[in-house]
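Participant: Okay, here's what each chain looks like letter by letter:
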Amino acid sequence: MSTDYRPMWKEMGLDLEAHDALLGVLGPLYEQTFTKQPNRPAGMKYFDFVMSEVHGLRIKELMDAKKAGRKVVGSFCTFVPEELVLALDGVMVGLCAGTEFATAEAEKLLPRNTCALIKGAFGFALARVCPYLAASDVVVGENTCDGKKKGYEIFKDLVPRLHIVDLPQTKSAEGRALMRAEFKRFGIYLEKLTGKKLTAEVLKKGIATVNAKRSAMHRLAKLRAADPAPISGLDGLLANQVYFYDDPARFTGSVNKICDELEQRIERHEGVAPKGTPRILISGCPMAVPNWKLPTIIEKTGAVIVGEESCVGARGTQQLTVDTGRTLDELMDAIVDRYLKIDCAIFTPNTSRVEHVLSMAKELGAQGVIHYGLQFCSPYQIEAGPVEKRLEKEGVPTLRIDTDYGQEDVGQIQTRVEAFVERLRG
Amino acid sequence: MRSAGIDIGSRAIKLVLAVDGQVVHRAVEDTGSDPLAVCRRLLDGLRYDRITGTGYGRHLFKEHWPGAEVISEIKAVAVGAAALIPGCRTIIDIGGQDSKAISLDPAGKVQKFVMNDRCAAGTGQFLEMMATALAYTREEFMAAARRAPRAQKLSSMCSVFAQSEVVSLIARGASKEEMALGVHQSIASRTAALAGGVPVEAPVVFTGGCAHNECLGSMISAEVKYPLRVPESPQTVAALGCALYGVADGR
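Protein sequence lines correspond, in order, to chains L and B. Anchor point for the first sequence: position 112 equals 112 in our numbering, and the numbering is continuous, going up by one each time. Our numbering runs 426 ahead of the 1-based position in the second sequence.
Pulled out of the complex, with its shape left as it was, chain L reads as follows (with noise of 0.2 Å):
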């Protein structure tokens, strides 16, 4: 970072020192992940601007925004709809949860066996380095999983504002017409919070942008079925990542000079591995900024990621939102019908997930998926038993990796994951 923002930093309130601490572990941490891959797209430079501003520029542009009179709104999960919260003017981001922070102090409030999301997430509270929390104006929790659902009942103290959203748990009609309610309940807050008025039009904003950043992703996913392929896995999940933070609008913009770019690579049989590579996709919890263990492990046993059917990946993004509604009804449908399709573990059955996955397996020309199942997961964890046997039955080699954010068992990890990759090359 170039400039001096720790008055900023001061006048939010957060914790210099500890603050200085994450930092000082982040950036090393990224320049080793990172910069030292080879080949890289050239436009991957933008994602280094981003991720070394994290914590500067783009919380300036966040200051700047509230001062201007918008709202910032925080969130943990895919399920938060973006479409209202830019159709009111607000601007939503993703919330700092990928990496152990004040674990111990995190631990006074929650049991050691939670998962290191939520672990992390309270660790970043209690320990006033987040600066996404300090800017928010509003965090949203989701009744996702037990773990989050039961820690947004402690988080609350933590943060000034915490508003609820409930999820159902089945994709029946009357789990649709709680997710329907509760996202015109979460409507009739922010139009509280914002002081706006959320209409058709604005809606339609706010759908197209949130469709466009989509949109960009998608491209950028089905390039990465090229063989050679054109981008690292690390670099696909670091634009995944970054989606949550940065402008909408500029970050479509990058990530579609980014596939210009990747296009002209595909043409000319260029990659970041040679032609034949095996090709691995990943599936399962979500790996939010800077919890890249998992991918590092893979792609330096010589193996290259193609796809993360993840929250922060493939899920997440999914599908667009339906835009030829006409009244703001017709748009709130569109946009439930769109979040209700999200393949998360929550729901019971989630069987639509397992074929995403096998789709995406198919369509990016994977040998092979490697199921993440972050530690204490129930949903995912118990999900990756079925999965794999599925997978397995379709003749896709799978392998399950259940791990946290500690670093003790990389060793074990990269031994499976060498096993692994010599199981798809035979």
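These aren't lab readings, by the way, just hints derived from the structure by calculation. Predicted model, so just to flag it, every value in this text is computed and none were measured. Just so you know, not all the hints are guaranteed correct.
Distance windows between CB atoms, simulated [claimed, not checked]:
id, chain 1, residue 1, chain 2, residue 2, range
1, L, Arg-425, B, Arg-598, 47 to 57 Å
2, B, Arg-576, L, Leu-23, 51 to 61 Å
3, L, Pro-7, B, Thr-558, 51 to 61 Å
4, L, Glu-107, B, Glu-495, 39 to 49 Å
5, L, Glu-394, B, Met-583, 29 to 39 Å
6, B, Gly-513, L, Val-322, 55 to 65 Å
7, B, Met-583, L, Lys-108, 47 to 57 Å
8, B, Ala-463, L, Leu-23, 50 to 60 Å
9, B, Arg-572, L, Gly-365, 50 to 60 Å
Some, not all, of what chain L presents toward chain B, calculated at C-beta under 10 Å [stated by the list, open to error]:
id, residue
10, His-269
11, Glu-392
12, Val-396
13, Thr-415
Straight-line C-alpha distance at most 30 Å; calculated DSS-like pairs for lysine-lysine [unchecked claim]:
id, chain 1, residue 1, chain 2, residue 2
14, B, Lys-535, L, Lys-362
15, L, Lys-362, B, Lys-538
16, B, Lys-538, L, Lys-275
17, L, Lys-196, L, Lys-341
18, L, Lys-205, L, Lys-341
19, L, Lys-389, B, Lys-538
20, L, Lys-393, B, Lys-651
Think of the CB as a built atom: it goes at the ideal place given N, C-alpha and C, for glycine as much as any other residue.
We have chain L; now place chain B onto it with these hints.
Facilitator: Showing chain B alone in chain L's frame:
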């Protein structure tokens, strides 16, 4: 062709030298705290045309032995076991800190494998810790287990918890021999559960340092309902796999 294979495990380093696919030399030494020094000692004065490493220390080894290749333990054990027991379809391997189950297709190719997670429950380490808690040597431990008329059930799979469980059982006057059998039983059950993650078919081969423990072998066999075949030097199967890797039909 003189081909060396070295398996740098968590507890022991194993070396095999093969000349045209025939084993001419085998050596095993404790890993200790300086695995590279042990590797140097084991390889001192040895002539070979190629060398392949595996085990925990494989990447460290590769950094220090230019020209060395590395393969995963899974592949190494698979190649070694298939060479020793032709037609081998399943491998159960229990080493110092790892346990794994590997399923091979009829051509000897790895078709599925599972490995224990980060903890050492159900591995040689667990066995050793429990033996120490019961004040047995390795040999006495197995013999004591075999003498026991019944097993004292241990409910804990975690090495740390199991140790305190053993301590409290001792305090309640439980039979040491029955506890020894209980420890073997708990590893056997855990191993069988692990093996349930792959298709188990005969012949099933039992490898790794723990395959020296016949009591454990017979209990695992009862759990997986297949006879286990233990090769002559079960601890060096992965090192053998390395020595044969890339030579003749070692894949």
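Participant: Taking the hints in turn, state whether each one holds.
Facilitator: Results for each hint:
1. L:Arg-425 x B:Arg-598: 47 to 57 Å: Holds, since L:Arg-425 and B:Arg-598 (Cβ atoms, about 54 Å apart) stay within the stated range.
2. B:Arg-576 x L:Leu-23: 51 to 61 Å: Because 60 Å falls inside the window, the suggested range holds.
3. L:Pro-7 x B:Thr-558: 51 to 61 Å: Holds, at about 58 Å.
4. L:Glu-107 x B:Glu-495: 39 to 49 Å: At roughly 44 Å between Cβ atoms, B:Glu-495 and L:Glu-107 fall inside 39 to 49 Å, so the hint holds.
5. L:Glu-394 x B:Met-583: 29 to 39 Å: With a Cβ separation near 33 Å, L:Glu-394 and B:Met-583 satisfy 29 to 39 Å, so the hint holds.
6. B:Gly-513 x L:Val-322: 55 to 65 Å: holds (58 Å)
7. B:Met-583 x L:Lys-108: 47 to 57 Å: Check failed, 28 Å falls outside 47 to 57 Å.
8. B:Ala-463 x L:Leu-23: 50 to 60 Å: violated (40 Å)
9. B:Arg-572 x L:Gly-365: 50 to 60 Å: holds (54 Å)
10. His-269: violated (29 Å)
11. Glu-392: Given a least distance of 7 Å, the restraint on L:Glu-392 holds.
12. Val-396: Hint violated; L:Val-396 Cβ to chain B Cβ min 12 Å, cut 10 Å.
13. Thr-415: holds (6 Å)
14. B:Lys-535 x L:Lys-362: Given pair B:Lys-535, L:Lys-362 holds - Cα atoms ~23 Å apart, limit 30 Å.
15. L:Lys-362 x B:Lys-538: Holds, at about 20 Å.
16. B:Lys-538 x L:Lys-275: Holds. B:Lys-538 to L:Lys-275 sits at ~25 Å (cutoff 30 Å).
17. L:Lys-196 x L:Lys-341: holds (29 Å)
18. L:Lys-205 x L:Lys-341: holds (22 Å)
19. L:Lys-389 x B:Lys-538: holds (12 Å)
20. L:Lys-393 x B:Lys-651: holds (24 Å)
Of the numbered hints listed earlier, those contradicted by the structure are 7, 8, 10, 12.
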